[in-house]
Amino acid sequence: MSSDLINRRSAKPHSSMFLRMLMRAAVLRRGRAASALLAMVVAAAVATAMLNLYVDVQAKLRKEFRNYGANIVVVGKDGQALPVDALTKVEAALAGHGLAVPFAYIVARTSDGQSVVVAGTDLDQVRKLDSWWSVTAWPNASQDALLGTRAAAVVSPQGKPFDLSFQERTIHLNPVGTLRTGASEDSRVYLSLQDFESWTGVQPSTIEIAASGSSEEVNVLIHQLSKSLPGADVRPIRQIMEGEARVLGKTRATLAAAAILIIATAALCVLSTLIGWVFDRRRDFAIMKALGASEGLISGFFAAEAAALGAVGALLGFGIGVAVAAWIGRVNFHSPVVPRFNVLPIVFVGSIAVALISAVLPIFLLRRVQPAMILRGE
Amino acid sequence: MFGRLVYESFRRQKRRKLLAGVAITLGVGVATAMIAVATDIGDKISRELRTYGANLIVTPQEDTLDVQIGGVDLKPPSDGAYLNEADLPKIKGMFWRNNIVGFAPMLPISVRVNSDAENLTLLGTYFSKRLTFGKEDFVTGVRVTHPWWKVRGAWPDDNSSDVLLGESLAEKLGRKPGDEIDIAGQTYRVAGILSTGGAEDNEIVASLALAQQILGKPGAVRRVYVSALTKPEDAFARRDPQTLRGAEYDRWYCSPYAASIAFQLQEAIPHSHAEQIRQIAQNEGTVLSRIKGLMLLVTLAALFASALAVSAAMATAIFERRTEVGLMKALGAGSVSVAALFFAEALLLALIGGVVGFAGGALLARQIGRSIFDSQITIDAVLFPVILAIAVIVTFAGSAMAIRRAVKFDPVYALRGEA
Chain A
94 MSSDLINRRS AKPHSSMFLR MLMRAAVLRR GRAASALLAM VVAAAVATAM
144 LNLYVDVQAK LRKEFRNYGA NIVVVGKDGQ ALPVDALTKV EAALAGHGLA
194 VPFAYIVART SDGQSVVVAG TDLDQVRKLD SWWSVTAWPN ASQDALLGTR
244 AAAVVSPQGK PFDLSFQERT IHLNPVGTLR TGASEDSRVY LSLQDFESWT
294 GVQPSTIEIA ASGSSEEVNV LIHQLSKSLP GADVRPIRQI MEGEARVLGK
344 TRATLAAAAI LIIATAALCV LSTLIGWVFD RRRDFAIMKA LGASEGLISG
394 FFAAEAAALG AVGALLGFGI GVAVAAWIGR VNFHSPVVPR FNVLPIVFVG
444 SIAVALISAV LPIFLLRRVQ PAMILRGE
Chain B
54 MFGRLVYESF RRQKRRKLLA GVAITLGVGV ATAMIAVATD IGDKISRELR
104 TYGANLIVTP QEDTLDVQIG GVDLKPPSDG AYLNEADLPK IKGMFWRNNI
154 VGFAPMLPIS VRVNSDAENL TLLGTYFSKR LTFGKEDFVT GVRVTHPWWK
204 VRGAWPDDNS SDVLLGESLA EKLGRKPGDE IDIAGQTYRV AGILSTGGAE
254 DNEIVASLAL AQQILGKPGA VRRVYVSALT KPEDAFARRD PQTLRGAEYD
304 RWYCSPYAAS IAFQLQEAIP HSHAEQIRQI AQNEGTVLSR IKGLMLLVTL
354 AALFASALAV SAAMATAIFE RRTEVGLMKA LGAGSVSVAA LFFAEALLLA
404 LIGGVVGFAG GALLARQIGR SIFDSQITID AVLFPVILAI AVIVTFAGSA
454 MAIRRAVKFD PVYALRGEA
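Going down the list, the sequences are from chains A and B.
Numbering of the first sequence is given in the numbering used here, commencing with residue 94 and proceeding in unit increments.
Numbering of the second sequence is given in the numbering used here, commencing with residue 54 and proceeding in unit increments.
Heads up, some of the hints might be wrong.
Derived EDC-like pairs (lysine to aspartate or glutamate); straight-line CA-CA distance at most 20 Å [to be verified]:
{"no.": "1", "chain 1": "B", "residue 1": "K67", "chain 2": "A", "residue 2": "D373"}
{"no.": "2", "chain 1": "A", "residue 1": "K170", "chain 2": "B", "residue 2": "E224"}
{"no.": "3", "chain 1": "B", "residue 1": "K188", "chain 2": "B", "residue 2": "D140"}
{"no.": "4", "chain 1": "A", "residue 1": "K170", "chain 2": "B", "residue 2": "E220"}
{"no.": "5", "chain 1": "A", "residue 1": "K170", "chain 2": "B", "residue 2": "E171"}
{"no.": "6", "chain 1": "B", "residue 1": "K225", "chain 2": "A", "residue 2": "D171"}
{"no.": "7", "chain 1": "B", "residue 1": "K143", "chain 2": "B", "residue 2": "E220"}
{"no.": "8", "chain 1": "A", "residue 1": "K343", "chain 2": "A", "residue 2": "E157"}
{"no.": "9", "chain 1": "B", "residue 1": "K225", "chain 2": "B", "residue 2": "D211"}
{"no.": "10", "chain 1": "B", "residue 1": "K97", "chain 2": "A", "residue 2": "D373"}
{"no.": "11", "chain 1": "B", "residue 1": "K225", "chain 2": "A", "residue 2": "E184"}
{"no.": "12", "chain 1": "B", "residue 1": "K203", "chain 2": "A", "residue 2": "E335"}
FYI, nobody ran anything at the bench for these hints, they're computed from the structure.
Source: prediction; values computed, not measured.
Go ahead and model the full structure; you've got the sequences and the hints to work with.
Here it is as structure tokens:
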């Protein structure tokens, strides 16, 4: 034997043989290895998609729930107007995580002496906040008014321009559109805040806030607002907050149950495929044993193989699962589910654990069998 | 002979058959549970969404304009028209009566408390009143329609003259549950302190009869809040019933849209105008369809995962029996009869697994329903044949590839164990 071959062999310890066995096992039986890997990938993908959805669905649904409108209301104490800087303070506290819309109200008289509530507000913001308002046309010019359906029947039955007076001051308004909500808005006349203030000189008395985030975050915001606005009452709109918390909780719980069932099924699929795969190779196992491999080495070999399979499967599956979750988000919520990388370690460890269990279980069963029996095909 | 082969295969390979059977059972169970939950989730979430309160409001037809700011009525109390309380139980005689979760009449009146000059609002309503319509007994009131109202102390009885004080008002007046309060010259007991987060926090809430008595108008109701289970609005729902003819009108009338229930409320209560409260009614539809859509997609994922699990188990089970196939072929069996044997076994497994899995899945769905929604998830009997068919198809599809490979395998190699 040439000296360099001896050198080469002595330089490479067992580990290279170990690696070579792993590689060859994967390459030579690529059919079985591929089907095992496929099962692993699919299981990891399903698990990733479900976990991703579970984590993200709360944010997605919260966005839907914000369509219910404001969840916090700020009103001046005892019907007083709010301080002038109230809106800027509220907006600073919100920091972009929500909408704040000011409302000012007065009771005006029509030309024939009937009382009607007139509200001044930021109409562009209201449109975003109260998406359920059914409006025929939104005003955009000065002195344009939006009339609630019931108010319209009183102030301008034929849709003609009309006059309203408040404390001896009269304003001439064009009815542009009608508004239908089924609630008290139907009996009101809405104006832009500029028109309203120049006509009445009355400042907003109410700020409606649609704050996004969990109920804890909203409560923190309420606390913060009531500290920075001592002259105002900051109240959660319990109807909206409690309804949201309830529906969200139930949906999450259902989704969690579904995720557990689905992940368990996927794990079962991996388990049955891998057990079959390892069982199928009991000859390899027997030959190795017959050649004098220790039990530890064989277990280590199969375990390493399973771990590698689990790791590769988990990574590929994670990619696919994220794509599936994004697709579900797009189809159902019209915005993709953001990949959550904190799910990755869970999927990764879970996949390897399932793979290890399914590799070690058959080895444990085969250990008691004599290699000769297996080699004889019994 | 064929029957015996199948029988012996099951008798001798109990463990393998058990493994495949368990996989099918679990797969079918998960699929059944998920389908049952997904088909019922709309109904369940719809009920949960009722915690948002009433989605319909009934007002008198001839009503004058509300002069209301921040929930405080500025209109003189004598103004405006009223509905008749005696007409209200008719709501339970409507076509969609079973979709009416509850209703609460409201009668706000203006009263003086402790002979102060300031007028306060007293709201008369049902708390949890027992009513009868025909043979039907039912309980309705704000405790159903306004579930976010919380009371410290006790809810008053609808027949008593006890009142609730709004939280802010109670603080202002310094009253606790059990104290007495002087309203319009009479003394009443405060049963509890009400917290709603709305205008009622500054009001007195009493039974409807008490408000009518103080107002001096028996049977008067200003408005009725109705909480109904509705179907999300679609383009058809927005059609005007006046323009619909014949069958279309019937279809519109017999769909539980908010608009058609409002229409029927108007029919049931004379001289009334019913309208959907758009904030609640409109958003309900979107939230509901999102959650239903989500569960549908998740159910598809569950079906996919269980189909895969079943296929994997079947493929493994068949792959392990190559030698058997080799022996059969060596003894002269054709590919068709070998495949037929495997398919027959798969069919048997699928049927047994399907039945057991369906039962298990039904139990699982019930458990989910009970623990999450506190109500039963009913499983449609129609689902049984569907599930069984799916189980058979998936088992066959999962086995097909493996059977094809097993049948094609050269018996010589198979028998020599060179797989």
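Status of each hint after checking the structure:
no.: 1; hint: B/K67 - A/D373; in the structure: holds (19 Å)
no.: 2; hint: A/K170 - B/E224; in the structure: holds (14 Å)
no.: 3; hint: B/K188 - B/D140; in the structure: holds (16 Å)
no.: 4; hint: A/K170 - B/E220; in the structure: holds (15 Å)
no.: 5; hint: A/K170 - B/E171; in the structure: holds (17 Å)
no.: 6; hint: B/K225 - A/D171; in the structure: holds (12 Å)
no.: 7; hint: B/K143 - B/E220; in the structure: violated (34 Å)
no.: 8; hint: A/K343 - A/E157; in the structure: holds (15 Å)
no.: 9; hint: B/K225 - B/D211; in the structure: violated (26 Å)
no.: 10; hint: B/K97 - A/D373; in the structure: violated (48 Å)
no.: 11; hint: B/K225 - A/E184; in the structure: violated (31 Å)
no.: 12; hint: B/K203 - A/E335; in the structure: holds (12 Å)
In terms of the numbered hints stated before, the structure departs from hints 7, 9, 10 and 11, listed from lowest to highest.
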